[in-house]
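Those sequence lines, one after another, are chains A, B and C. In terms of our numbering, the first sequence is numbered consecutively and its last residue is 511. In terms of our numbering, the second sequence is numbered consecutively and its last residue is 1302. In terms of our numbering, the third sequence is numbered consecutively and its last residue is 1734.
Simulated from the structure, these hints should not be mistaken for laboratory data. Being a predicted model, the structure only gives us computed values, none of them experimental. The reader is advised that the hints may include incorrect statements.
[What the hints assert, rightly or not] Computed footprint of chain B on chain A; a stretch qualifies when at least three of its residues, placed anywhere within it, have a C-beta under 8 angstroms from a C-beta of chain B: (1) 83-90; (2) 115-129; (3) 151-157.
[What the hints assert, rightly or not] A few chain A positions that, by computed beta-carbon distances, are all more than 12 angstroms from chain C: (4) F59; (5) G70; (6) G77; (7) G199; (8) G202; (9) V308; (10) A394; (11) I434; (12) Y464; (13) M509.
[As the list claims (entries may be wrong)] To be clear about the criterion: a stretch of chain B counts as covered by chain C if any three or more of its residues have a C-beta under 8 angstroms from a C-beta of chain C, and this derived list gives those stretches: (14) 1135-1143; (15) 1223-1232.
We treat Cβ as the ideally placed atom computed from N, Cα and C, and that holds for glycine.
The residues making up each chain are set out below.
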Amino acid sequence: MTPSDLLSILPLLVLVVWACALLLVDLWLKRKGVTAFLAALGLALTAGLALAQAGEETTAFGGMVALDGFASFLNVLFPLSGLLGIAVAYGYLKRMNIERGEYYSLLLFSTAGMMLMAHAADLVVVFLALEFLSLPLYVLAAFARPRLDSEEAGLKYFLLGAFASAFVIYGIALIYGATGTTSLSGIVAAIEAGSLGTSGLLLTIGAALFLVGFGFKVAAVPFHMWTPDVYHGAPTPVTAFMAVGAKAAGFAALLRVFVTAFPALDADLTPVVWVLAALTMFVGNVVAIAQTNIKRMLAYSSIAHAGYILMAFVAFGNPATRADAVASALFYLVTYALTSYGAWAAVIALEKQDPSAGSGQAASGLEINDFAGLGRRRPALAAAMTVFMLSLTGMPPTLGLVGKFYLFRTVIEAGQVWLAVIGVLTSLISAYYYLRVVVVMYMREGAPETTREPWLDFTWAVSALATVILSFLPMALFAWASAAGVMGF
Amino acid sequence: MTGAQILFLVCAGLILGSAVMVVTARNLMHAAFWLIAALFGVAVVYAILQAGFMAMIQVVIYIGAIAIMFIFADMLTRRDVRESRAQIGRNWPVAVLLGLLILAGLTALILAQPGVGRVAPALPSGLDPVAALGKALVSPDAYVLPFEVASVLLLSALVGAVYLAFLKKQ
Amino acid sequence: MLLSETAISPLFSLAPLIVFLPVLGLLLNIIFGGRMGEKAIGWLASVASGLTFVVSSLLAYGLWAAHGETVVVPFADWITIGSLHIPWNFRVDTLSVTMMLAVSGVGTLIHIYAIGYMHEDVRFKNDPKRFRRFFVFLNLFIAMMMILVSGDSYLMLFVGWEGVGLCSFLLIGFWYDMDTLGRPSWANSNAAKKAFITNRIGDFGFLLAALTMFWAFGSVQFGEVFGKAEEIAAAQPAVIIAITLFMLIGVTGKSAQIPLYVWLPDAMAGPTPVSALIHAATMVTAGVYLVARSWPLYTLAPDAQYIVAMVGAVTALFAATIAVGQYDIKKVLAYSTISQLGFMVAAVGMGAFVAGMFHLVTHAFFKALLFLSAGSVILGLERGHHHLAHHKGHEEHEGKHEEVFDPGDMRNMGGLRKRMPVTFWLYIIGTLALAGIFPFAGFWSKDEILLDAAKLHPEIFIILTTAAFFTAFYMGRQIWMVFFGEPRHEAAAHAEESPKIITVPLMVLAGLSVLGGALNLPGVHTLGHWLEHTIELAEHELHLPAWLEISWGGLNPVVALVSTLLALLAIYISWLIYGRKPLTAGQKDPLKKPLGFIFTGMENKWFVDEGYWAVFVNRYVDIARFLADVVDWRFWHDWFHDKVIAGTYVWLSHIALNRYADQKGIDAFFNGLGDLTKRLSAFLRRLQNGFVRSYALAVMLGVIVIVGYLLMK
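With these hints in hand, go ahead and build the complete structure from the sequences.
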C-alpha cells in the first residue's frame, strides 16, 4: 500500500473513518443535534480535501480506483449534497420523532459509497460502490418506521434494488467472460486489440445488462417504477438525498464505464440509449401531470430529469462530443441538485405529522393543493419554490435553462436532433405541472401551516439564490464541468 | 460427455428445480429448505469448477448463515405472518413466458460463443487457488480496496438492520 | 429709369425709416402701453406717423434736389434661391414719394383725430382697455402701406398689399364681439371676414399676375420687368394682356370695383377713423397705385386698358346710384368712395395716370374730411343720447338704455347745423369738394379726368359725367337730411359739438380740400411734371372736336362748365326734394313713391350681395356641406370606414380568425393535445399498481426488449 494510493482516496478514507467514529461517538451523545453537527463537519472536511485534490490525475490500487477531474468534481458534489441532506433532515427528524444518530452515520456511509463510485476504475469496484451507497439508502428509506409507507418504501427499494444489482453483476460477468478482465482499462485494451471475435456480442449484451441495472438506479423507463413509491414513502429528507445523490452516482458509473470502456459499442448501444432517453422523458413528464401528491410529482419529475441527462449520454460514443456529453451531464447534475434540494426543502416545510392518525399513518400536508395560499403566508418560501419550479421547467433566466441548453446543444452536436425535439416538447409538457404548483401557491386561497427551521430555511434560500445567481454567472461551473468531462484515463 | 458434464447437468437440474420450488412452495419453511437445496447445488457447481474454497464458503456462509437466518426469521415471526392467500400473482403466465424468453436469448447467446462445449483447461501446477485468493484479497495491487469496502458495507448493513429491527420500548 | 446710387444724397438712406418708425411706435405701445395713459398712447402713435411724414418729406426734397431721378435704396436680401433673387429695396421715385406723403400726412391727422374719437368710443362701447390695441393696429397699417408704396418689386408690393389687407381685417373687426350699435353680435366679425375673403379673391388675381410675370420675364423687380416689357410684348402679346387683366382682378378687390366691391360698405362697421384712413384715403387707393405703377405694361396692352377704364366707369355710376338710397351716413360715404375710386380707376385705365393720381390725392383730403366729420356727427348724437339717458332718471334708465339707437342713421338726425356748427361747416367744405364745385380741390381733379375721358373715350365721359351728377345729388341729400330741418330724434336735439382734438385735424383737412387743387392746376401741372419723372405719358394722336380743342391755360371751359352746372343742378334738385320740405320723424324717403322699384333697388344696393350669396356663397356652403356630410361622414365614415374597413376587420378578427382559426382551429388543436396528454397520463399512471412483482416484471420486459434487439442485430 503505497502512500500515494492512500492519498488518492484520502477524502473517501477520511469520510469512512469519520462515519465509523461517529457511530461510536453517537453512543455517548444525548443530543442528536451534536451528531448532526459532527457529521456535517466530517462532510465539510471531506469536501475540502476533495477540492484540494482537484486537478490531480492518477490511478491507485492497481488500477482499481482513479483520481481525475471527473472524480474530483463528483467528490465535491457528493459531500456538499450530503451537507444539504443533513440540513434538511436536522429539524425534520426531531419533528417526526425519528431522530437517531444512525441516520447521520448511514448518510455518511452512503455518501462514501457515492464517492467510491466516482473513483471507480474497475467493474468490481463499481459494483461494490453501488451496493455500498444503496444499502444505507434502503435503510434510510425505511427510517420512518413504524410508518407503513416508509417501511414499504424501504422494502420495495431493497427488493427491486437487489433485482437490478443482479442484472449488473450478470452483465459484469458477461463482460468478464468476453474480455477476461474487469478493469476498465483492461476492457478498453481488449476491445482495441480486436481479439474478441464472436465474444463481441457477449460484451455488448453484458454492457446492455449493466445499463439496465444502472438504468434502474437512475430511474430510467421502464426501470423506473420503484421511484414514485419509494420517493413517496421515504422520509422526505431521505428522498431529497436519494434524488440527488443516488442519481448522480448512478450517472457517474454510467458515464465512467461507458465513456471509458464501451465507446466502441456505441453503434449498438446508442439506439438503445436513445429509446431509453426518449421514453424516460416522455413517461416522466406525462405521468407527472396526473399526480396530486407533491412527492410523487417530484418523483416523476426526477425521472424526467434523468431522461434529460440520458439524452446527453447518447453522445457518449462519438469522440468529438464525448467530453461535451460528460461535461453537460455533470453541469446538469449540479443544477438539478440545487433545484431539487430546494424543492424538497419546501416540501419538508409543509409536511406535517397528522395528529389524528396513529403512528401507522402517513404524514400529511403533501398534496399539491396544500400549497394553496403559500404565496401570502410565506412569500419568501413561495418565491423560492417558484424559482425552483421555473428552473426545473427550464425557463429563462434560471439555471435550469442553462443546464438544459447545454444538454440540448450536446445532443444536437451528436446529430440526434429528433431527440432534442422530444426533449423540448416534453419540457414543454413539464411546464404544466411545475407551474401548477406556482398557480396554486399564488392564486388559490389557503392557510398552509409551515414549519420554520433555520437549517431548512437556509437550504431553500441558499438553493434559490444559487439557482438565480449561477444562472447569470455559470462560467466557473461550466469551466470546471468541461475540465471534468475529459476523463483522465 | 464427461463425468463433469453429467454431474453438472444433474446439479443444474437440482438447482433449477429447487429454485422453482422455492418460489412456488406454500409453506415458508419448505421454501427455505428448497433454497438450501438450491444453494447446495451451486456449491457443487463451484466444486466442479475446481473452486473448492468457493464451494466451502457457499455452504458455510450462504447455507450456514443466510439460509439458517431465513429459518430463524420464519420461526420467530410465524405467528404474525401467516399467509393464507395464493402466493402466486395473476400474471404468472406472463412472467413465465418472459423468463423463458430470457432463457432462450441467453442460451442462444452463450451457445454462439466459441468456447462453449470445451473442456475447462486444467489449473497450472503449483497454483494454490486458496493462497492466491487470499493474497489477492489483501494485496494493495489487487483486491484489498474492494475487500475493505465490502467490510464497511457490511457494517452499514448491520447498523441499518439493527435500527430497523430494534423496537424501542415505549 | 435709372438706378442712382444712394451716395447722391444721404437723405435717401433714411428711406427704411418710413417702415420702421411706425413699427417702433407699435412695439413701444405694445410693451409700455399698459403703463401709459390713453393720451400718451395716442400721441406716441401719432408722433410715429408724423415722423414718417417728415421722413417722406425729406425724401421728397431729396428727390426734387436730384431732379426726380429714381433712387433705389437697397435694404436687405430677402429671398435667394438658385436663380431667384428677390431683395428688399426701397424705391424712392416721384410716384412712390407722392403716395408716401399722402398716406403719412393724412394718416397722421387721422391718428390725432382718433385720440379723441376712440377716447369717447371705448366709453360708449364699455371697453376702455381696447384703446391701446387700436393705435397698435393703426401704426401697423402705416408700416404696411409704406412697404406697399416703397417696394421695388411686385413681390414687396404684394407683402404690403397683404399687410394692409390684414390690418383692414383687424380694424374692421375691432369691435369683434359687437355690431355697430354695441350689441353682442357676430356682425362686425362677419364684416371683417367678408372684407378679408373678398380681398383674397383679388389677391389671387394679383398672384396670378405676379407668377405669370415671373414666368415670362424671369423677375418681378420693377426695373427688370419694365425694361423687358416691350420685348416681351412684341414676342408674346398675350402674356402682357394676361398679366394686366389678372392685375385688374386684384385692383377690383383692393380698390372696391365691380365685382369685388361688396366688402367696402360692410367695412363701415369699423370705427370711423378706420373708415377714413383705410377705406377712403389710403388702402383702397392701392389698386390705383398699382395700375399707375404698372403703366409700362398697361400702355403696351391697350385692350386691357380699355377694360380697366370701363370697369372703373361702370363702377362709378353703379355705386353712385346706390348711394342715393342709403340712410346710414357712413354708408353713403362708402358708396361714394367706391364711386370715386371708379373715377380714379377709369382715369388710369384711360392712360391718364396723372389725372388719376391727382384725384387720388385730393380725394384723400376731402373724403377723409367727410368721414371724420361724419364721425364727429355720430359722436355728437351719441353724446346727446347719453345725456338723455342720464336726464331721464333711474327708473326709465334701466329700461330705456336697451333701446336700439343708431347714431349713424340719418333719419334720426336733422337740424344739426345749429347744434354742431363747426362740424357743419367742415362737412359743407367736404361736400363741395366732392361734388366738384369750383374752386375746391375736387373740381380740379375731377375735371381733369373728365377732360381726358372726353378726349380719349367719349362713352366713358358720358358715364362719368352721369356719375358726377349723382354724386352731387346724394351729397346734397345728405346735407339737407343731416344738418337742416328739425331734429327727428331726441338724441339729435341734444347733440353736442366735438372737442378740439377732433375738430382741429378736420380743419387742416378742410384747408387742404380747399387749396388742394393747387397741386396740379391746369397749365401748371405741378404734380404732372413731378410724376412725369416716373411715368411716361403717352402722346396720343387725337382728332378732337373743336370744343374740346379749346384750352384756357389748359382748362377746357366746356367740360368744366358742363360738370359744374350739372353739379349745381343736382344740388338744386336735392334741395327741392329734401331741403325745401325737410323730412320729419318717421317719414319715408320722398323718392320712394315716385321711383318705386328703382328706389328699392338703390336702397338695397341692387340686391348684389343677395345675388352673390345665392349664386356663390350658398352654393359653396352647399358643396361644403355635401362633401362634409354625405361624402365624408356618411359615405366615408359611416359606410366605408365603419362597414367596409372596420366591418371587414371585425369579421376577419372575430369570426374568421377568432372563431374559426383560433377557437375551432388552434385552440381545439392544442386543447386536444393537452387533453390527450392528460388522458395518456391518467392511463399510464394506472400501470403503477404498487406491486413489486409488477415492477420487476417491467424490468424484465425492458431487459428482454434490449437484449432481443441486440441479438437481432
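Quiz item: Taking 8 angstroms as the C-beta cutoff, is the stated coverage of the segment 83-90 of chain A by chain B satisfied by three or more residues?
Solution: holds (count 4)
Self-check item: Non-interface claim for F59 of chain A versus chain C (Cβ beyond 12 angstroms)
Solution: With a cut-off of 12 angstroms, F59 of chain A remains clear of chain C, as the shortest Cβ separation is near 38 angstroms.
Self-check item: No chain C beta carbon within 12 angstroms of G70 of chain A's
Solution: At roughly 40 angstroms from the nearest Cβ of chain C, G70 of chain A sits farther out than 12 angstroms, so the non-interface label holds.
Quiz prompt | Given as non-interface: G199 of chain A, which should sit over 12 angstroms from chain C by C-beta | solution = holds (15 angstroms)
Self-check item: chain C versus G77 of chain A - minimum CB to CB distance exceeding 12 angstroms, so not interface
Solution: holds (38 angstroms)
Exercise. Examine the segment 1135-1143 of chain B: at least three residues should have C-beta closer than 8 angstroms to a C-beta of chain C.
Key: Check failed, 0 qualifying residues.
Practice problem: Decide, holds or violated, for the assertion that all CB atoms of chain C are farther than 12 angstroms from the CB of A394 of chain A. | Solution: holds (21 angstroms)
Quiz item: Is I434 of chain A truly not at the interface, in the sense that its beta carbon sits beyond 12 angstroms from all beta carbons of chain C?
Solution: I434 of chain A is indeed farther than 12 angstroms from all Cβ atoms of chain C, at 24 angstroms.
Quiz prompt | Coverage of the segment 115-129 of chain A by chain B, judged on three or more residues with CB within 8 angstroms | solution = holds (count 4)
Practice problem: Please settle this one: M509 of chain A was flagged as non-interface, so is its CB more than 12 angstroms from every CB on chain C? | Solution: holds (25 angstroms)
Quiz item: Closest CB-CB distance from V308 of chain A to chain C, is it above 12 angstroms?
Solution: Violated: least Cβ distance 5 angstroms, not greater than 12 angstroms.
Quiz item: Can the segment 1223-1232 of chain B be counted as covered by chain C under the rule of three residues or more with Cβ-Cβ separation shorter than 8 angstroms?
Solution: holds (count 5)
Comparing the model with each earlier hint shows violations of hints 9 and 14; every other hint is respected.
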